[in-house]
Amino acid sequence: MSPTLTPTAQVELHIEVTDFYARQMPLLEQGELEAFADTFTEDCVFGYDGAWQVVGRDALLGGVRANIPRYGTSKIRHWFESRRIAVREDGVIESSATSLVSVTSEKGDVTFEPSCVVRDQLVRTEDGLRVSSRVIRHDLPDAGVYFARLAASHG
Amino acid sequence: MSPTLTPTAQVELHIEVTDFYARQMPLLEQGELEAFADTFTEDCVFGYDGAWQVVGRDALLGGVRANIPRYGTSKIRHWFESRRIAVREDGVIESSATSLVSVTSEKGDVTFEPSCVVRDQLVRTEDGLRVSSRVIRHDLPDAGVYFARLAASHG
Amino acid sequence: MSPTLTPTAQVELHIEVTDFYARQMPLLEQGELEAFADTFTEDCVFGYDGAWQVVGRDALLGGVRANIPRYGTSKIRHWFESRRIAVREDGVIESSATSLVSVTSEKGDVTFEPSCVVRDQLVRTEDGLRVSSRVIRHDLPDAGVYFARLAASHG
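So the protein lines, in turn, are chains A, B and C. Once you know that position 140 of the first sequence is 140 in the working numbering, the rest is easy, because the numbers rise by one and skip nothing. Once you know that position 80 of the second sequence is 235 in the working numbering, the rest is easy, because the numbers rise by one and skip nothing. Once you know that position 22 of the third sequence is 332 in the working numbering, the rest is easy, because the numbers rise by one and skip nothing.
Wrong hints could be hidden among the right ones.
[As the list claims (entries may be wrong)] Calculated Cβ distances over 10 Å to all of chain A for the following chain C residues:
hint : residue
1    : Val-321
2    : Ile-325
3    : Met-335
4    : Leu-343
5    : Ile-378
6    : Arg-380
7    : Val-420
[Stated by the list, open to error] Keeping only pairs whose Cα atoms sit at most 25 Å apart, straight-line, the calculated SDA-like set for lysine to any residue is:
hint : chain 1 : residue 1 : chain 2 : residue 2
8    : A       : Lys-107   : B       : Ala-221
9    : C       : Lys-417   : C       : Leu-338
10   : B       : Lys-262   : B       : Gly-211
11   : B       : Lys-262   : C       : Glu-436
12   : C       : Lys-417   : A       : Pro-141
13   : A       : Lys-107   : B       : Glu-171
14   : C       : Lys-417   : A       : Val-55
15   : B       : Lys-262   : C       : Arg-434
16   : C       : Lys-417   : B       : Thr-266
17   : A       : Lys-107   : B       : Pro-296
18   : C       : Lys-417   : A       : Trp-52
19   : C       : Lys-417   : C       : Ala-461
20   : A       : Lys-107   : B       : Ala-307
21   : B       : Lys-262   : C       : Ser-415
22   : B       : Lys-262   : B       : His-309
23   : A       : Lys-107   : B       : Thr-159
24   : A       : Lys-107   : B       : Val-219
25   : B       : Lys-262   : A       : Phe-112
No lab work stands behind these hints, which were simulated from the structure alone. By construction, the Cβ of each residue, glycine as well, lies at the ideal position given by its N, Cα and C atoms.
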């Protein structure tokens, strides 16, 4: 919560931000990668602690295009909890949450990637909210080991 | 979000709809199947893409009664994410979300059914919100294969 | 929902309570056990149906300190669904939800503890909302068997 906002403004912000993610994440899940990238600012920062980090929407799109194919015929879905929202003095909205990614295989088996914390900065543009920064930190003592193992298993 | 609603009305609708599901789904989970069926309209449509689909509350109750016993002593719980809510011009509320069903065995082991998208139409009645249509689509290339395998494993 | 509250007050309460949990549960997950205990009242009741139950914040802290180490290098996260909130005539807020706990091992494998229902009573203090009572009931025919097995596997 942000002490500078009225209760009504806080509530509206909370619903607005929740709604933003409800529309953003299915784009990634459905493979609409360009539309997903368009929910970020052109100069965005996007990164996984201990793995790849990029600057700029084009680089983000490249990173996503390189990584999504490893799921093959499986379908990923994102699950969020403990969303915390605050507005900085400069108007940037800080929004962080715990997240899980489920992976449903074409046979219907479900596994999960390690839980993580997603820390976003959102800004208001004429097209609505956009992510200017996303940093994802997995709940692992050494995320690098995990990502290396992942890369190895996908050749 | 619905452009025709004020921010306040949108927020109240969002909480009202969320609260509806918070009360509806535990009825199914706790085996209160008649009370669960009563949260649908009498002429409701209910269906799983690639499997059974029914029309009418009585048929829905029959379908649920036929399917829930396969869980035996396990307990199911429903998890939702990315809830998207919009109001049509005719007043029908379109509400869709991603969903997972967890299955906790009596020994405490937890498995999940394939993730899915649940698309509801809600209408206002004198008894509050009711589901007039629910269509569930699993995140599978061929849900029919999954349901056939499920049916086979339960004789 | 509470019939005595205006829609606006209900919405603000819902967001306030959701925000409380979004800040409370990460404290436990990050091992900030004293800060977690401080989110309960000094005379709180805390218990697991079929296992340990304690009275008082100090006893709660002792119970948490005794139990959290069994996770070792794994990281737990809490997931909630179907949050139901009501205000009693005496002002106590009754808040219950379905919950899952994910356990991410240091290698990145994810398992889940049995789903459960968490029933809280929240009170307003000069420091904000505090839990005066939390009772957790796992979705198991006999939670005692589960906890005994758990205790045995951890020596």
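*Which of the numbered hints are not met once you compare them with the structure shown?*
1, 2, 3, 7, 10, 11, 13, 14, 15, 23
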